[in-house]
Amino acid sequence: MGTVTDTAPETAPTNAVELDCAAMSTREVNAALHELAAGSRVRILNPRGRHNLAVALDQELEIEIAGHAGYFIGGLCNGPSITVDGFVGWSLAENLMSGTVRVRGNASECCGATAHGGLIVVHGDTSSRAGISLKGAELAVGGDVGHMSGFMAQAGTMLIGGNAGDALGDSLYEAVIYVAGSIASLGSDAQVEDLTQEDVDRVRSLVERAGFDHVSPENVTRVASAKHLYNFDALKEQKY
Amino acid sequence: MCGIVGLHLKTERHRDALGRLLSPMLDCLETRGPDSAGLAIYSEPVQEGFFRYSVRIDGLDPDTDTKAEVATLVLELSQDLGSTVTCERFRPDGAVLIAPDQVDAVTSRLAERRPDATVVGFGPHIEVVKDVGRPRDICRRHQIENRTGYQGVGHTRMATESAVTTDHSHPFAPNADLALVHNGSFSNHATVRRRLAQQGIRCVTDNDSEVAARLIGREVDSGATLETALKTVGQEMDGFYTLLVTTGREFAVVRDSFACKPLVVAETDEYVAVTSEYIAMTSLPGIGSAKVFEPTPGEIHVWER
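Same order as they appear, the protein sequences are chains A and B. Residues in the first sequence are numbered from 1 upward in steps of one, following the working numbering. Residues in the second sequence are numbered from 1001 upward in steps of one, following the working numbering.
Just chain B, with the same shape it has in the complex (with noise of 0.2 angstroms):
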């Protein structure tokens, strides 16, 4: 059992609070998972030719001067690029730093200067922030109720097919501002991952969503819409599955064809809310005039902006 919160701002209202709702959403949902949890938060783009990159720095001692020490990768880094970067936000698991769009460059050099870091999620307008713990402890320590921007997932994990770790928990956050969050289990996993190390498309972890993400990163980059990448997830994937996968512009949620995993939306004017129960979605505004349904079985729901 997983937990899955979703919110897509269609209007400019609410843009400010974004974190603020999005917090008690996946706090809600920690009955469903209380052993790990994660959010992509999409704001504003950064300037053309340069991604934000959501950085995880295993060695960093919060007992020293973390601040110096993701300032000196900072200066490293753009020397090694010849390139400006800077630090956006400084995180208590590492930064999100704001570098050329070059991402193999970049994560390379930045593997070169801090063997213990791990990017997370990279793309214009995504941040990515992945941890163990209870939801509300890891929002508290993110401190995402801060954050802004224009629409989020999150997801709260109870692991049943792999570790709990950082690198396990959702979401999972291959391309450029790509996030999928996923409740359920995929049987073929194994399988459809070594087709995918076949085409040289390499999963990092043992986790059976992270397949799916790169399953659904390799269409996109080959020129697929969200909603027809969702549909080869469904040919070749096996398995319970509600997933929330999002991009800088696209929003969009699936459920397996027998529905074995639950999913509430809930559409206003003003936005587009998505949970697996619907109690996780009753701290929205105005909530109590939205338009509430559950996706039937395969069908695919995706909302522009």
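For reference, chain A alone in the conformation it holds in the complex (with noise of 0.2 angstroms):
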């Protein structure tokens, strides 16, 4: 087991735990993490590019990473809630079930995918299929996505607070995206709707919720989809 270093509990009353990457696996940094009472606070030290870091975590914790970080970020949790400052690779919250994950600088390809629920936040750009499959939770991007994103979105919302890349939302199905920006285009199946005072309300929400002081949920275009590709009624029978 490589540095644990509880802080002063004068300075830190919430017993902050600080985690240093430096001299520490990604798998001794993990299970300390899953260790750790619920509610308690951490700080990841030196992750520079580190991959997998706080990954599949049961319980109510508040991380920081403190720097750039890797692929696969935040995945498979339920409850804690991360916030990196720096930028991440690809698979942010990858397949997250409930909580935050906050970036505040850019997320790399398939930011998001598959999640369920929780909310994550990127303050700067996400690159291709950001929300890719999404599957329930609330994704909210600052600045701009990039191609493919919103791809087969089965459940849950987007926000792009800039401009959308090539084909957004591409073979949806239950998910809503919200643009403030610019569309390059839009992908097969996806359309553009008018937006309701509950769209608004949405979108107010998780603009607050975001901490975006950019977007206005007035000003936003709906994408959803036109159901033209929508097949989920074949396998309503089926058992898996």
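The set of hints was computed from the structure by calculation and includes no laboratory data. As the structure is a prediction and not an experimental result, all values here were calculated from the model. For each residue, glycine too, the CB sits at the ideal point set by N, CA and C. Keep in mind that a hint or two might mislead.
Claimed, not checked - Not the full set, but computed from the structure, chain A residues with beta-carbon under 10 angstroms of chain B:
(1) His51
(2) His68
(3) Ala69
(4) Tyr71
(5) Asn106
(6) Glu109
(7) Ser127
(8) Ser128
(9) Arg129
(10) Asp166
As the list claims (entries may be wrong) - What follows is a list of derived Cβ distance ranges for each label pair:
(11) Arg1194/B / Glu62/A: 56 to 64 angstroms
(12) Glu193/A / Ala1163/B: 47 to 55 angstroms
(13) Met1001/B / Ser182/A: 29 to 37 angstroms
With the hints as a guide, bring both chains together as one complex.
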């Protein structure tokens, strides 16, 4: 086991713990996180592009990753609140179940892939396929998203504070995408729909929780499925 | 899955440390490619009219005096070619020879003298290392940390479509000073290989990446810039790819139009670094203040010296 430093109680009354990637393997960092009591506060130091940090956590923790991180950050989590003070690689918060994953920089491809629940916030840009196969989570991106974002998204909400790349929302199911900026092109079976008061309320709530100050909920474009390629009913009676 | 690394030094600084900077980058990407690895290192050119030839000699017996065997070969080639041939560097797998820039003459004389020899790269600037095994072991074996130069590329291979052999490992360097490393897989490489063969351009392996290297070689030979040659790859080849392709003065990257394979670029006043994953460039000096970005689908970036 590497360095696990408890900071002095008078300066960190909520039991902040520091885990240093410079001295610990990824497995050690994650094992230490898994052992922490619910409600603990943690700082992960020197991530330097490290993959798989803070994954599959099942308790409510407050985790700060102090620097740039790699692939699969916060994946499979159910409860914790994770903030990355830097940029991240592919597949941020993949299959997130609940909790919050926030990135103060950019995120690479497949951000929020298959996320079932919780809130994912990226203050910068995300590259290709953000929100691919989203299954119920909320994904808020402050900047631009790359091509094929929202591909086959089944449930949940995506908010894009900047511009969307090509083929936005290709083969969408029930997920809804809101775009504050421009859309390079819509994917197959995605269409722009009228914004209702319910949409505005939904976007306002998401904007507030994301902490965005540049998105006006009344001035977003709603993108949803035209349902010409929507074939879930065919599987309705099947058993898995 | 494979790993790509590259470093293009814009200034004199770090040139003495090129190998020392590249080695940990390559080692870091062992997870993406544990079965073989290779590098192309570019340094100041040899004298006019001559090329560096990176020669692998499979029959060298490490238990005997391999340097003497190489020295004999150098002498024989000098006589055969009627020209000066020198050994710039002894390597565990062969040698880097400096010989006239008549590639056909040199390779055919070499084949006569040593049928077990293969030229893995040639040109005024380039040295090519290709080997099988863990990247860390390959770097140690070839003493990559001691290499100097202005530009280097490296590859860690996880073979998916053809055999794990030294010939199949990257870089592919079919033309003078040209090197290509590839992460991905081309689906129509057999078709393009046949088309190239009809034009007299023959591949030596059944590797898909070699086809792309030969296609780029054909374009560059007919006067195309590297950027134009990479556009031709996009038009003629189908599949997933991130390519890093270098010549004596160019350093270029491109991702396929779906951006299926990763690439991160970091640029400072002193260098351009590219790696499959950001983690592989965190060992570089000044990385904290570098401009870091990912090329978008189909976007070609070229840096020139």
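Now the hints, each set against the structure:
Of the supplied interface hints, the one on histidine 51/A holds, with its beta-carbon coming within about 7 angstroms of a beta-carbon of chain B, less than 10 angstroms. Checking histidine 68/A against chain B by beta carbon gives a least distance of about 6 angstroms; that is within 10 angstroms, so the hint holds. Against a cut-off of 10 angstroms between C-beta atoms, the interface hint on alanine 69/A holds, since the closest Cβ of chain B lies about 9 angstroms away. A cut of 10 angstroms between beta carbons decides the hint on tyrosine 71/A: the least distance to chain B is about 7 angstroms, and the hint holds.
Taken as an interface hint, asparagine 106/A checks out: its beta carbon lies about 9 angstroms from the nearest beta carbon of chain B, inside 10 angstroms. Contact between glutamate 109/A and chain B, as hinted, is supported at the beta carbon level, the nearest pair being about 7 angstroms apart and thus within 10 angstroms. Hint status for serine 127/A relative to chain B: holds, with the closest Cβ pair at about 5 angstroms, below 10 angstroms. Hint status for serine 128/A: holds, given a least beta-carbon distance of 5 angstroms to chain B, under 10 angstroms.
The beta carbon of arginine 129/A is positioned within 10 angstroms of a beta carbon in chain B (closest approach about 8 angstroms), and the interface hint is therefore held. Because the smallest distance between the Cβ of aspartate 166/A and any Cβ of chain B comes to about 8 angstroms, under 10 angstroms, the interface hint for this residue holds. At about 60 angstroms, the beta-carbon gap between arginine 1194/B and glutamate 62/A stays in the expected band of 56 to 64 angstroms. In this structure the supplied range 47 to 55 angstroms holds for glutamate 193/A paired with alanine 1163/B, their Cβ-Cβ distance being about 53 angstroms.
The hinted range of 29 to 37 angstroms is satisfied by methionine 1001/B and serine 182/A, whose Cβ atoms lie roughly 35 angstroms apart.
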